[in-house]
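Colleague: Below, each chain spelled out in residue letters.
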Amino acid sequence: MARMKFLCDAERCIECNACVTACKNEHEIPWGINRRRVVTINDGKPGERTISVACMHCSDAPCKAVCPVDCFYQTDEGVVLHNKDLCIGCGYCFYACPFGAPQYPQAGNFGTRGKMDKCTFCSGGPEPDNSEAEFKKYGRNRLAEGKLPLCAEMCSTKALLAGDADKVSDIYRERVAARGFGSGAWGWSAAYQTKLGQERGQPGGSLFQGTGGPAGGLPVQKQGL
Amino acid sequence: MEGHRMKTAVAALLLGVGLAGGLALPAAAQSSVRIGGPAAEQQVDRDGPMVPTQIPGQDRGDSWHAIRLGEQGSVSIPNKQAGVLIQSEGEAWRAVRNGPLSQYGSWVLGGILALLALFFLVRGRIRIDGEKTGRTIQRFNAFERGVHWMTAGSFVVLAISGLNLLYGRHTLLPLIGPEPFAALSHYGKLAHNFLGFAFILGVALIFVMWAHHNIPSRHDLTWFLKAGGLFSKGVHPPAHKFNGGQKVIFWSTVVGGAALGFTGVQLIFPFSFATLEEMQLYQLAHAAIAVIMIAIILAHIYIGSIGMEGAFDAMGDGQVELQWAREHHSLWVEDVTGEKVRHAHRHGTPAE
Chain A
0 MARMKFLCDA ERCIECNACV TACKNEHEIP WGINRRRVVT INDGKPGERT ISVACMHCSD
60 APCKAVCPVD CFYQTDEGVV LHNKDLCIGC GYCFYACPFG APQYPQAGNF GTRGKMDKCT
120 FCSGGPEPDN SEAEFKKYGR NRLAEGKLPL CAEMCSTKAL LAGDADKVSD IYRERVAARG
180 FGSGAWGWSA AYQTKLGQER GQPGGSLFQG TGGPAGGLPV QKQGL
Chain B
0 MEGHRMKTAV AALLLGVGLA GGLALPAAAQ SSVRIGGPAA EQQVDRDGPM VPTQIPGQDR
60 GDSWHAIRLG EQGSVSIPNK QAGVLIQSEG EAWRAVRNGP LSQYGSWVLG GILALLALFF
120 LVRGRIRIDG EKTGRTIQRF NAFERGVHWM TAGSFVVLAI SGLNLLYGRH TLLPLIGPEP
180 FAALSHYGKL AHNFLGFAFI LGVALIFVMW AHHNIPSRHD LTWFLKAGGL FSKGVHPPAH
240 KFNGGQKVIF WSTVVGGAAL GFTGVQLIFP FSFATLEEMQ LYQLAHAAIA VIMIAIILAH
300 IYIGSIGMEG AFDAMGDGQV ELQWAREHHS LWVEDVTGEK VRHAHRHGTP AE
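For the protein sequence lines, the chains are A and B, in the order given. Numbering of the first sequence is given in numbering that gives the first Met the number 0, commencing with residue 0 and proceeding in unit increments. Numbering of the second sequence is given in numbering that gives the first Met the number 0, commencing with residue 0 and proceeding in unit increments.
In case anyone wonders, no lab produced these hints; they're calculated from the structure. Just so it is clear, the structure is predicted and the values come from calculations on it, not from any experiment. Built from N, CA and C at the ideal position, the CB exists for glycine as well. Misleading hints may appear alongside valid ones.
Said to hold, decoys possible - Computed, partial: chain A to chain B, Cβ under 7 angstroms:
(1) P61
(2) A64
(3) V65
(4) D165
As the list claims (entries may be wrong) - Mimicking BS3-like on lysine-lysine, the simulated pairs with C-alpha atoms at most 27 angstroms apart in a straight line are:
(5) A:K23 with B:K339
(6) A:K157 with B:K339
(7) A:K146 with A:K157
(8) A:K44 with B:K79
(9) B:K79 with A:K114
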């Protein structure tokens, strides 16, 4: 079974926000909720880079670890999903998430949060695949239709890659070899366990350790980029 | 060609060293790379053109590292906080909450329950030693009792719903199943959000009502030296309206309650007053203080109910047996009734 991952190639992203728009439209996401966002660093300065970020579907998902009602689950493909019927909107997953993925509609008094919403890797929730109930709560289930997440499918420069980690890695590796440089697979070592053999279908290797890592590319867990 | 270049380079280096040594000592001290100035930079040519990802004078790796450490970029959506790509504090929050906080918290709560059970087994119920008079005096009026029970009632619900968030997943959830547990936790969250304000009001009123009775005095020293007579039958150190132990409970409630109220308000209005990092710290503080408060209040509940004969009446109908008052609050009885209580034996009380 494939292990699904996102990869945003910061050397290619042109900040067009098509991924954000595609996501919002495909899942009919309400105003104020951003499952995916585009962040620009060094905006207008030399070295400006743009990165599209959403839930990274971490191996050891912090949201899942801290949820008081245990509403998260990870599919066989490594996608982190949650059950909105159980979610109480406590906000703990947002405290824990490194990527700011969980979103909450404002519901009720004070800062009372509604049920959490986040990227599903276009694969719905616990309801039957492509049912009306699933669509209303979680949006389209494209994986069940044999399609990949729309954000990546839409990406005009193919900066955003989504799918089987082996294929995503191969594409990125080819790019790095062709370009002659890499800039690290952004967010991977924060999201995915990089010890050799720990991650399904992920051979590991220094290519994905980020450029900030030590020379020699020792596998570093939860460090670097 | 190569030889010529070498010569130029050596000349440039010499010139550079000369310049550095003669004119630019401070500069040389700062940088071991740029000794030569413009002439020596030709040497770098052999490294070829920069790759497009490099920025002159800046290490690409450094900027990625800065992002890993939480540097904020810009976003086009209204929520500018979304510009943070990676926040690593959450990992620490998770580690503390799921680790020491839960673990030490369970030890504290288990410990106090074990201590109280042991105390009950060894000491039993603390009885009124002297002959009961059948007469009562008023200890707390209706307003005081109302405030006490508002604070107490809200605290119990807050404590249970709070403990449920920390421990329910591993205790109650497997027992009753995901859906009932989620529903319970949902109503628990709502109750927690609303009753928090009742608790804050209660603690504020408690402070106003009883602070002047709880200023430490010399009698408290005696009380603590005799351990309030808790461990010895017939020992009753003198006390005014509140004895040393009760003063500890009072100030714990006021200080702990204020801390819980402050951190709670920070959390109930997310991002209104605090940043995410501060909220993570407030949440940990809120939970840790709450666990300690629950332990203290468990002891308070014990001694105010099954632990001591006659104690509950003070907060029940407000009328306490005169003999109970003589034993546990001799100086208060003197203040109220003018009666001279004999101090030779049998006075004092543990914390209610």
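Colleague: For each hint, tell me whether it holds in the structure or not.
Modeller: Evaluation of the provided hints:
no.: 1; hint: P61; in the structure: holds, 5 angstroms
no.: 2; hint: A64; in the structure: holds, 6 angstroms
no.: 3; hint: V65; in the structure: holds, 5 angstroms
no.: 4; hint: D165; in the structure: violated, 24 angstroms
no.: 5; hint: A:K23 with B:K339; in the structure: violated, 80 angstroms
no.: 6; hint: A:K157 with B:K339; in the structure: violated, 92 angstroms
no.: 7; hint: A:K146 with A:K157; in the structure: holds, 16 angstroms
no.: 8; hint: A:K44 with B:K79; in the structure: holds, 19 angstroms
no.: 9; hint: B:K79 with A:K114; in the structure: holds, 22 angstroms
Of the numbered hints stated above, those contradicted by the structure are hints 4, 5 and 6, listed in ascending order.
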